[in-house]
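**Student:** Protein chains in written order, with my numbering: chain R, 1101 to 1641; chain D, 216 to 348.
Please note that the accuracy of each hint is not assured.
Said to hold, decoys possible - Have a look at the derived ranges for each label pair, beta carbon to beta carbon:
(1) Ala341/D - His1325/R: 56 to 64 Å
(2) Val265/D - Ile1437/R: 27 to 35 Å
(3) Gly1337/R - Lys243/D: 29 to 37 Å
(4) Ala1324/R - Pro318/D: 37 to 45 Å
(5) Val265/D - Gly1296/R: 56 to 64 Å
(6) Val1151/R - Gln330/D: 36 to 44 Å
(7) Asp307/D - Leu1471/R: 51 to 59 Å
(8) Glu302/D - Leu1299/R: 50 to 58 Å
(9) Pro1489/R - Gly320/D: 14 to 22 Å
(10) Lys1351/R - Pro318/D: 51 to 59 Å
Said to hold, decoys possible - Computed footprint of chain R on chain D, listed as stretches where at least three residues anywhere in the stretch have a Cβ under 8 Å from a Cβ of chain R:
(11) 233-243
(12) 254-266
Unchecked claim - Negatives, chain D to chain R, calculated, CB over 10 Å:
(13) Arg274
(14) Gly279
(15) Ile280
(16) Ile283
(17) Gln286
(18) Gln303
(19) Val319
(20) Lys321
(21) Gln329
(22) Gln330
(23) Glu334
(24) Ala335
(25) Val342
(26) Pro346
Because the hints were derived from the structure by calculation, they are not lab data.
Because the structure is a prediction, the values reported are computed rather than measured.
In this text, a Cβ means the ideal position worked out from N, Cα and C, and glycines have one as well.
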Amino acid sequence: MDVLSSLMDGFATALTPMNLLYAVIGVLLGSAVGVLPGLGPAMTIALLLPVTYVLEPTSAFIMFAGIYYGGMYGGSTTSILLNTPGESSSVVTAIEGNKMAKAGRAAQALATAAIGSFVAGTIGTALLAVCAPIVVEFAVSLGSPSYFAIMILALLAVTAVLGSSRLRGFASLGLGLAIGLVGMDSVTGQRRLTFGQPLLADGLDIVVVAVAIFAVGEALWVAAHMRRTPLQVIPVGRPWMGKQDWKRSWKPWLRGTAFGFPFGALPAGGAEIPTFLSYVTEKRLSKHPEEFGKGAIEGVAGPEAANNAAAAGTMTPLLALGLPTNATAAVMLAAFIQFGIQPGPQLFASEGPLVWALIASLFIGNFLLLLINLPLAPMWAKILQLPRPYLYAGILFFATLGAYSVNLQAFDLVLLLVLGALGFMMRRFGLPVLPLILGVILGPRIEGQLRKTLQLSAGDPAGLFSEPIAIGVYIIIAIILIFPFLMKLWRRNHPAPSLLSANATRGSEPTDVTRGNVTHASHRSDGSDGGDGGDAGDGDG
Amino acid sequence: MSIIVGYVPTPEGAAALEAAIAEARKNKSLLVIINSSRGDALVDKRYAQVEDIASIEERLKKEGIEHIIQQPVRGNDAATEVLQAAEQHRADLVVIGLRRRTPVGKLIMGSTSQQILLEADCPILAVKAAPAH
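Excised from the complex, chain R in its bound form (with noise of 0.2 Å):
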């Protein structure tokens, strides 16, 4: 059992005191950013990978593991004590959770999220230590013209596929690829986008692009939008679950667990759609469908197990490929490259102690958030009266703190300023964040992969189809190019709302309610434009 081996090696790493410290302030910050909407854990990554320059990298992605599974729990209890998404990812929970807050189950509605996002997060986290080297062994095989389509497929999906506008999505991806492609030509040493700027000729570090998108312009974002009518929180005790609630909760767990992990593992992947999938079918295979929309506590337990479950899923690409599916994932691998640690199928083999340890601190890192999330719920939600104003001052620190001691030059603060106010920008006028990031984070990594596959056939185009995967994922990009005219033109020739078409429309209900931006759901579910998805409403299944 080579895999087991690596894990317990990996446990005996995570486990020494100074890292097992790193993993308790990692979800502790997770939690925090969590349950704040707004922030998230992308943002929180960003903002600390300047300040752990001098830990060891272990100790780091420890911490970083610890963040992103901690996010994903926090999300559910600013969903259920608030209906305010703390998380995109927890918007489904909202639905049924706060129903159920509202009629006094706050506190089974909250033990059902943890202890589903903890089973799910250990099922996941077993799976991923499972997968991934299959992965790998099958990565391994695969050359340039294979890579470059993957990643094409992972952009155009994360842009097409999430987010309720497909222009927007472009728009946004359009700005990260160029803003990827400022600096030096890796191959020829021609100096792009630079404009005469000598400071330019080193590209724009992603740390500063990352805080400037994520932190600046949140920033900017809250202060435009300060002023708002305060909420009410539900008050609650320590959570705990009857026996009729383990009854009905355990098998959505499970199910949940099943939607989440495959779709967190695809480059499409994202936690939105199997928490909606979750949901959707949790209300059809209830024995209590008239509790649904009333406060189901299967509407809670189905998707906070699949947001888990997705998370460790969206570690699979992440590890094995050196493939980002989500904008904490894409933060991770900026993280990677910024330590000297070239992600990809070489991973395992070149950092295998690390990957290891990552994987242990996941599995120690759901342990922990079920501990302090069981009995401090309630303290959790006081984080939400903490006033705004000295929250971000704090951010604005930490981000220019972070933006100047990348190269200490102060260049790079006049950058985060314009990258913050671009951020900004994209939050008035609705472009999702996370194409953008993985443009700046794939692009130049994509075009490495392009400039080989055309050298290596001597610039004939025809090579970037010399491998059979290749052909294959191009087949996939095609079809989900082209799959929403035909569904559009179907619809036109079938008006009658039959049961798939029914389906098909609340699909993308979360996608409106989300718009794809994975750490700014709760000011996107403010808007009112529904995007394609107008009549989604409606489809009652």
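We have chain R already, so just place chain D on it with the hints.
**Tutor:** Chain D in isolation, oriented as in the chain R frame:
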């Protein structure tokens, strides 16, 4: 004639409201209830919820007291809102609830009641919460 009361959903606030209602009944004057929030945090416990306000409104209607309920969220602190309302409605009386604060807490956070006491132009009735049983 008008009476201004600074209301918060706490025992002190409830006591202030009771006193203000008694005064308004006695003098047959207009009762202005101010419940404000700076609105800079997502959750503010001192901002009364819809149900709370509705029950107060219902009670005042039943007792036949002329009243205005205001919940301004303008980024001002509670003292400023109460003082502004007092000026605007030419208040004859301002009613506030007092609570015990340590000197250190007062130094750090300031005191809403102290600011109202010092700056208002009219008499002020300060009441304390009913002692806990």
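**Student:** Work down the list of hints and note, for each, if the structure agrees.
**Tutor:** Quick rundown of the hints versus the structure:
1. Ala341/D - His1325/R: 56 to 64 Å: At roughly 36 Å between Cβ atoms, His1325/R and Ala341/D fall outside 56 to 64 Å, so the hint is violated.
2. Val265/D - Ile1437/R: 27 to 35 Å: About 50 Å separates the Cβ atoms of Val265/D and Ile1437/R, which means 27 to 35 Å is violated.
3. Gly1337/R - Lys243/D: 29 to 37 Å: At 45 Å between Cβs, range violated.
4. Ala1324/R - Pro318/D: 37 to 45 Å: holds (38 Å)
5. Val265/D - Gly1296/R: 56 to 64 Å: holds (59 Å)
6. Val1151/R - Gln330/D: 36 to 44 Å: holds (40 Å)
7. Asp307/D - Leu1471/R: 51 to 59 Å: Holds - the Cβ-Cβ distance for Asp307/D and Leu1471/R, about 58 Å, lies within 51 to 59 Å.
8. Glu302/D - Leu1299/R: 50 to 58 Å: Given a distance of about 56 Å, which is inside 50 to 58 Å, the answer is holds.
9. Pro1489/R - Gly320/D: 14 to 22 Å: holds (20 Å)
10. Lys1351/R - Pro318/D: 51 to 59 Å: For Pro318/D against Lys1351/R, whose Cβ atoms are near 58 Å apart, the range 51 to 59 Å holds.
11. 233-243: This one is violated; 0 residues, fewer than the three required, reach chain R with a Cβ under 8 Å.
12. 254-266: holds (count 9)
13. Arg274: holds (21 Å)
14. Gly279: At roughly 30 Å from the nearest Cβ of chain R, Gly279/D sits farther out than 10 Å, so the non-interface label holds.
15. Ile280: holds (26 Å)
16. Ile283: holds (18 Å)
17. Gln286: violated (8 Å)
18. Gln303: Since the minimum Cβ distance to chain R is about 20 Å, Gln303/D lies beyond 10 Å and the statement holds.
19. Val319: holds (19 Å)
20. Lys321: About 19 Å separates Lys321/D from the closest Cβ of chain R, which puts it past 10 Å; holds.
21. Gln329: Check passes; 21 Å lies beyond 10 Å.
22. Gln330: holds (18 Å)
23. Glu334: holds (23 Å)
24. Ala335: holds (25 Å)
25. Val342: holds (25 Å)
26. Pro346: Non-interface label on Pro346/D holds, nearest chain R Cβ at 24 Å vs cutoff 10 Å.
Consistency with the previously given hints fails for numbers 1, 2, 3, 11 and 17, ordered from lowest to highest.
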